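In order, the protein sequences belong to chains S and C.
Those letters in the first sequence? Residues -1 to 111, by this note's numbering.
Those letters in the second sequence? Residues 7 to 119, by this note's numbering.
Be aware that one or more of the hints could be misleading.
Label pairs and their in silico Cβ distance ranges [what the hints assert, rightly or not]:
#	chain 1	residue 1	chain 2	residue 2	range
1	S	Val26	C	Val18	30 to 38 Å
2	S	Thr75	C	Leu119	40 to 48 Å
3	S	Ala76	C	Glu85	49 to 57 Å
With a cut-off of at most 20 Å between alpha-carbon atoms, the simulated EDC-like pairs for lysine to aspartate or glutamate come out as follows [said to hold, decoys possible]:
#	chain 1	residue 1	chain 2	residue 2
4	S	Lys68	S	Asp81
5	C	Lys9	S	Glu36
6	C	Lys61	C	Glu28
7	C	Lys9	S	Glu39
8	C	Lys9	C	Asp44
9	S	Lys55	S	Glu39
Since the hints were derived computationally from the structure, they do not count as laboratory data.
Since we're looking at a predicted model, the values are computed, not measured.
Ideal Cβ positions, reconstructed from N, Cα and C, are used throughout, including at glycine.
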Amino acid sequence: TQLLEQSPQFLSIQEGENLTVYCNSSSVFSSLQWYRQEPGEGPVLLVTVVTGGEVKKLKRLTFQFGDARKDSSLHITAAQTGDTGLYLCAGEVGGTSYGKLTFGQGTILTVHP
Amino acid sequence: DVKVTQSSRYLVKRTGEKVFLECVQDMDHENMFWYRQDPGLGLRLIYFSYDVKMKEKGDIPEGYSVSREKKERFSLILESASTNQTSMYLCASSPGGGLDTQYFGPGTRLTVL
């Protein structure tokens, strides 16, 4: 059973468009992270959100953590071809110090020139 | 910069063979993780380790074992490889202490024939 549901699974857009990726769960997370993975590489951390309702911005990327800490979204403004990749959300349940994460199934984003 | 290296980028083995996947991190991290990544399923945790000689099962440990004899090295062992273990294997490490970033290696694409 997938603890974290990401949607959509695939997203194909033109350069300059905006997009939102969602990450939902029935469980409460102590923190939630977003990673980006390019072909042939491992995932790389983009952001960590820890407070319900928190909004973080990273240039054209905006990350939001739901008030109840069960969901999160990633919004990209004016997408560029360099944004192409696999986006993964990952949550930590229970706040153990081991850093164990549960990952969503990922969203494959393709930005066409 | 944290560096996580994996012994092979590509590996082809036959059914029934014993397979060793090696992972080394150079930042004195406490925690290390092994995941497998399959299309549409995201990253699934196989095993993790929070200290030398300590290991915990993840979500899909069946058919795998691990070894952590030294802090910097975490090995994944497939005792008798099967075709359903064909996958991308990702190793990660994190410092420990909560709100950890996981640093990933580039992955090993294992094919079992």
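Taking the beta carbons of valine 26 (chain S) and valine 18 (chain C), is their distance inside 30 to 38 Å? For valine 26 (chain S) and valine 18 (chain C) the Cβ distance comes to about 43 Å; the hint is violated.
20 Å limit on alpha-carbon distance, applied to hinted pair lysine 55 (chain S) and glutamate 39 (chain S): violated, 24 Å
What's the verdict on lysine 61 (chain C) and glutamate 28 (chain C), does the C-alpha distance respect the 20 Å limit or exceed it? Judged against 20 Å, a Cα distance of about 15 Å means the pair holds.
Pair hint outcome, lysine 9 (chain C) versus aspartate 44 (chain C) [Cα-Cα no greater than 20 Å]: It is violated: about 24 Å lies between the C-alpha atoms, which goes past 20 Å.
With respect to the beta-carbon atoms only, verify the hint that threonine 75 (chain S) and leucine 119 (chain C) lie 40 to 48 Å apart. holds, 46 Å
Status of the given 49 to 57 Å range, CB of glutamate 85 (chain C) versus CB of alanine 76 (chain S): Given a distance of about 50 Å, which is inside 49 to 57 Å, the answer is holds.
Are the Cα atoms of lysine 68 (chain S) and aspartate 81 (chain S) separated by 20 Å or less? Not OK: lysine 68 (chain S) and aspartate 81 (chain S) at ~26 Å, beyond 20 Å, violated.
Restraint check for lysine 9 (chain C) with glutamate 36 (chain S), where alpha carbons must lie at most 20 Å apart: holds, 17 Å
Does glutamate 39 (chain S) lie within 20 Å of lysine 9 (chain C) when you go C-alpha to C-alpha? Within the cut-off at roughly 12 Å; holds.
Hint violations for this structure: numbers 1, 4, 8 and 9, all remaining hints satisfied.
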